[in-house]
Amino acid sequence: MPAVQETVERVRSIDVDQYKYGFVTDIESEKAPKGLSEDTVRYISAKKNEPEWMLEWRLDAYRRWLTMEEPTWARVSYPKIDFQDYYYYSQPKSTPGPQSLDDIDPEILATYEKLGIPLREREILLGIQNPTSRVAVDAVFDSVSVATTFKAELAKAGVIFCSISEAIREHPDLVRQYLGSVVPVSDNFYATLNTAVFSDGSFVYIPKGVRCPMELSTYFRINERNTGQFERTLIIADEGAYVSYLEGCTAPQRDENQLHAAVVELVALKDAEIKYSTVQNWYPGDKDGKGGIYNFVTKRGDCRGDNSKISWTQVETGSAITWKYPSCILRGDGSQGEFYSIAISNGYQQVDSGTKMIHLGKNTSSRIISKGIAAGRSENTYRGQVTAHRRATNARNFTNCDSLLIGDRCGAHTVPYIEAKNSSAVFEHEATTSKISEDQMFYCLQRGLTQEEAVALIVNGFVKDVLQQLPMEFAVEAQKLISVSLEGSVG
Amino acid sequence: MNVQPQPIRTAAEQALLALLERRLAGPAVDGPLAGRIGELRRAAHAAFAANGLPHRRVEEWKYTDLRGFLREAAPAATALGISDGASAPSAVAFPGARRILFVDGQLSPAGSDLADLEPGLTVVPLAQAMAVGRGTVEKFGTLAPQRYDGVLALNTAFFGDGLVIQIADGAKIERPLHVAHLVTHDHPVATYTRRLVEVGEGAAFTLVESFEGRSGVPYQVNDALELFVGDTGHMDYVRLQDDSETALHLSTVMVDIGRDAKFHAFGLTTGAIASRVSLYGRFSGTHSHAGIRGVTLLKDRQHADVTLLLDHAVAHCESRELFKTVLFDETRGVFQGKIVVRPDAQKTDGRMMSQALLIGETAEMDNKPELEIFADDVQCGHGATAGALDEDLLFYLKARGLPAKEAEALLIQAFVGEALEFVEEEGLREALIARAERWLNARTG
Chain D
198 MPAVQETVER
208 VRSIDVDQYK
218 YGFVTDIESE
228 KAPKGLSEDT
238 VRYISAKKNE
248 PEWMLEWRLD
258 AYRRWLTMEE
268 PTWARVSYPK
278 IDFQDYYYYS
288 QPKSTPGPQS
298 LDDIDPEILA
308 TYEKLGIPLR
318 EREILLGIQN
328 PTSRVAVDAV
338 FDSVSVATTF
348 KAELAKAGVI
358 FCSISEAIRE
368 HPDLVRQYLG
378 SVVPVSDNFY
388 ATLNTAVFSD
398 GSFVYIPKGV
408 RCPMELSTYF
418 RINERNTGQF
428 ERTLIIADEG
438 AYVSYLEGCT
448 APQRDENQLH
458 AAVVELVALK
468 DAEIKYSTVQ
478 NWYPGDKDGK
488 GGIYNFVTKR
498 GDCRGDNSKI
508 SWTQVETGSA
518 ITWKYPSCIL
528 RGDGSQGEFY
538 SIAISNGYQQ
548 VDSGTKMIHL
558 GKNTSSRIIS
568 KGIAAGRSEN
578 TYRGQVTAHR
588 RATNARNFTN
598 CDSLLIGDRC
608 GAHTVPYIEA
618 KNSSAVFEHE
628 ATTSKISEDQ
638 MFYCLQRGLT
648 QEEAVALIVN
658 GFVKDVLQQL
668 PMEFAVEAQK
678 LISVSLEGSV
688 G
Chain P
9 MNVQPQPIRT
19 AAEQALLALL
29 ERRLAGPAVD
39 GPLAGRIGEL
49 RRAAHAAFAA
59 NGLPHRRVEE
69 WKYTDLRGFL
79 REAAPAATAL
89 GISDGASAPS
99 AVAFPGARRI
109 LFVDGQLSPA
119 GSDLADLEPG
129 LTVVPLAQAM
139 AVGRGTVEKF
149 GTLAPQRYDG
159 VLALNTAFFG
169 DGLVIQIADG
179 AKIERPLHVA
189 HLVTHDHPVA
199 TYTRRLVEVG
209 EGAAFTLVES
219 FEGRSGVPYQ
229 VNDALELFVG
239 DTGHMDYVRL
249 QDDSETALHL
259 STVMVDIGRD
269 AKFHAFGLTT
279 GAIASRVSLY
289 GRFSGTHSHA
299 GIRGVTLLKD
309 RQHADVTLLL
319 DHAVAHCESR
329 ELFKTVLFDE
339 TRGVFQGKIV
349 VRPDAQKTDG
359 RMMSQALLIG
369 ETAEMDNKPE
379 LEIFADDVQC
389 GHGATAGALD
399 EDLLFYLKAR
409 GLPAKEAEAL
419 LIQAFVGEAL
429 EFVEEEGLRE
439 ALIARAERWL
449 NARTG
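Sequences listed follow chains D and P, in order. Position 195 of the first sequence, counted from 1, bears residue number 392 in our numbering, the numbering being contiguous throughout. Position 61 of the second sequence, counted from 1, bears residue number 69 in our numbering, the numbering being contiguous throughout.
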């Protein structure tokens, strides 16, 4: 069992400092004035050189946001957020937008290298033996995208992969057609806020019949103090296209709570497939629950065409508070939605996450596999909704959500809503909660494993279903994260 | 800008408030417990005035909007309706059970068998129990949930007649006691009934309840039941809700389970245009077992909601829930079940299952099975399924010569039979199975 031994060693090696991405990059940045007002929205829009329609769209969202109330239904508690106490825009002074790698501030390059995200294409090729598994990266630092790799090669295939700010300028028709079409302006409190102040994010368009030649990836980094990061991602897979997209996030260790409210919209047309994977590792706060990221995210995919497929995979280990429900609207006949999730909470983390599968078309199917692991004093909630509408004949869903509790001061909760409005719908839901059984532990200990090794082995077995869904590059990363989060759980 | 938004009240809510104010101004109960009951009523009135009827925005009532179902506030029935004549409905009787009859919300001495009660069994009308301050009445209202429950608040504010049933420590009452509820009025009335049952230490008791009424009359039933099962006690609770196809049925069942005790509940629901049963269960002693099961059969445009909250407050308890719903035509079934395991409730073993058969093309089933777990050494699981009859099984039966209708009826019977077989008392089990079969044959035959 070399893998397990390796995992355990990794846990030991980071014994004192749990969160290894907590360093701060010392870089001067240019920020919008603190607080939120129409002027802030205008400031951001002007910084981005946006067309008039975009500014109008943002202002409309801002005005609607003023009339909305913060949602309180999730099982998370935190002091009231003072939205005037954040900076809504921050860009490194030296690198105000994506440009050639030679012009990027070496500090930023070093930051990404330290995070294990090489931005130089040559290095990427050196790092991985098999050239077919190269990954194109869009690196977002605070509010701006600082670099996008492999753009030229992707362009050859007709794939557009750039920052959303660039897409608004370069591909306004595509953006206008699809932006806000999956998550409407006033969808919810945080999505509306995002619409008003979103700063950067990625834009992907895969043309008809194209299988994207490499994995696409965005790496988000919050660096600046007291900033909110509001990224916006829009991915469109045209008829018969395929794309696999990865997302990673980290932030420095700070005592204040930072705000992250993203919106991700996916559109899959006829026969298209989008695979969206996330490894979320925002700073979770210290061992006393101080600091950490507030992660309020709206992610939704629209299977707009027949036989389209959207698959969400997430490994959630970071953030002080997670409020996130990646969903699928199964509109096209025969479309498929998938949700694979591992949510690990430790310390004082609070996770309220799950999915929605809305079956609208005929012969649609969905599958939900969710594994929650709660340790320390954390709260881990699965909240999901599966609905088959009147016309969604032969809708199928299978849901399995399991929770594992490590320690007696944490909580695991399951809140599924299962609504079948059609007699031909077949829905199955099962959920269990348990602790690592003494029998399993005893069996492992008998065979000479130490207690930590045994826990790592059992937990890895528990989350295997989800890890298998991750692209290879991420599976390794995720495995590391799992060991990190469980550190200190035994005994 | 300190103006508080004024809640918008529906016409029914305003009418109910007016009726409540008249009720509170009317004659109060006399006796040693009058003060306490008066306090409960005033608190319930204030809570209702502030919150009104539960509606879609209230999480526990997400699928059952009472503002929609309760559009007219029917006056509380005070006099008896028509209890004789050819058109008068009659209440079901279970063979071997002692029956106590409530007609239009009032105890009917003529229809009740209160003679020669078994030793250890005490049955006293609620008003009388309050007047003499019998011990159990002090427990009145103590099982109410922390959160506002509009239906229970209305019951507490309005309730007129009811019963206090006590089983002495160690008494094993073999004969089931049947409390039958019948509404006979030919115009819309509301009944508010309440019972309190205390099963003593080591005692055993079977309580059966039935709800029926006059066909074609949109009457409203609001019933509440408080059960206390003492240490090492054993209680079986069976209910049949067969109210008329135009009635609104609202029930609240609250139960507290002591140490080493057993509590079994079973409900068969076939009646009412809209119904809701809220069951609040709490384990207050270790090593106890609760088994809660139900079968709901719906046709036409019926709406039936079963909502369950089971609180594992202490360690080493076991609970099993199984709910089966069969939905014909344009019906809607709702199951909301929540198991709460508190931080000290180690070694809890909980299993909850809700299964629905969607027969009608536009039938709808909404399942919300929740787990809320704060202890790590527990085994908890829930499951929920919804689907049509298995085509392969139907084909198998038809290939063996069964007509389609019969094959369908057989499969549905097998489906609900899994829950019905948990009714412990044989006579009752047979009677309920026969009722369910009659209902299914009338529907599928």
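Since the hints were derived computationally from the structure, they do not count as laboratory data. Treat the hints with care, since some could be wrong.
[To be verified] The calculated lysine-lysine pairs, modelled on PhoX-like cross-linking and capped at a C-alpha distance of 25 angstroms, are:
#1 K661/D with K553/D
#2 K70/P with K180/P
#3 K484/D with K632/D
#4 K553/D with K70/P
#5 K559/D with K467/D
#6 K355/P with K632/D
#7 K632/D with K70/P
#8 K231/D with K487/D
#9 K277/D with K231/D
#10 K346/P with K553/D
[What the hints assert, rightly or not] Derived CB-CB ranges, DEER-like:
#11 R260/D with T150/P: 36 to 44 angstroms
#12 E126/P with E266/D: 33 to 41 angstroms
#13 E67/P with P230/D: 34 to 42 angstroms
#14 R366/D with E369/P: 33 to 41 angstroms
#15 P248/D with R79/P: 24 to 32 angstroms
#16 K413/P with S378/D: 46 to 54 angstroms
#17 E266/D with L25/P: 23 to 31 angstroms
#18 E249/D with L25/P: 36 to 44 angstroms
#19 E47/P with T264/D: 38 to 46 angstroms
#20 R587/D with E67/P: 22 to 30 angstroms
#21 R260/D with R79/P: 47 to 55 angstroms
#22 E249/D with R79/P: 45 to 53 angstroms
#23 A58/P with T647/D: 55 to 63 angstroms
Beta carbons: idealized from backbone N, C-alpha and C, even for Gly.
> Between A58/P and T647/D, is the Cβ distance one that fits in 55 to 63 angstroms?
Replying inline: The hint (55 to 63 angstroms, Cβ to Cβ) holds, given that A58/P and T647/D are roughly 58 angstroms apart.
> Do the alpha carbons of K484/D and K632/D lie within 25 angstroms of each other, as the hint requires?
Replying inline: Status holds; Cα separation ~22 angstroms.
>> Checking one constraint from the list: CA of K559/D to CA of K467/D, max 25 angstroms. Satisfied?
In response: 14 angstroms, holds
> Is it true that R366/D and E369/P lie within 33 to 41 angstroms of each other by Cβ?
Replying inline: 51 angstroms Cβ-Cβ, so the 33 to 41 angstroms window is violated.
>> A range of 34 to 42 angstroms was offered for this pair. Does it hold for the Cβ distance of E67/P and P230/D?
In response: 40 angstroms, holds
> Are E126/P and E266/D spaced within 33 to 41 angstroms by their CB atoms?
Replying inline: Once the Cβ atoms are compared, 58 angstroms apart, the range 33 to 41 angstroms for E266/D and E126/P is violated.
> Does the structure keep K70/P and K180/P at a Cα separation of 25 angstroms or less?
Replying inline: Not satisfied, since the Cα-Cα distance of roughly 41 angstroms exceeds 25 angstroms.
>> Check the hint pairing K277/D with K231/D against an upper bound of 25 angstroms on the C-alpha distance.
In response: At roughly 18 angstroms apart (the allowed maximum being 25 angstroms), K231/D and K277/D satisfy the hint.
> Is the distance from the Cβ of E249/D to the Cβ of R79/P consistent with 45 to 53 angstroms?
Replying inline: At roughly 50 angstroms between Cβ atoms, R79/P and E249/D fall inside 45 to 53 angstroms, so the hint holds.
>> For the hint 36 to 44 angstroms, verify it against the beta carbon of R260/D and that of T150/P.
In response: 50 angstroms, violated
>> Assuming the hint says 47 to 55 angstroms, is it satisfied by the Cβ distance from R260/D to R79/P or not?
In response: Since the Cβ atoms of R260/D and R79/P sit about 37 angstroms apart, the hinted range of 47 to 55 angstroms is violated.
> Would you say the C-beta atoms of K413/P and S378/D sit inside 46 to 54 angstroms of each other?
Replying inline: 48 angstroms, holds
Going through the hint list in order, the structure does not satisfy hints 2, 7, 11, 12, 14, 15, 18 and 21.
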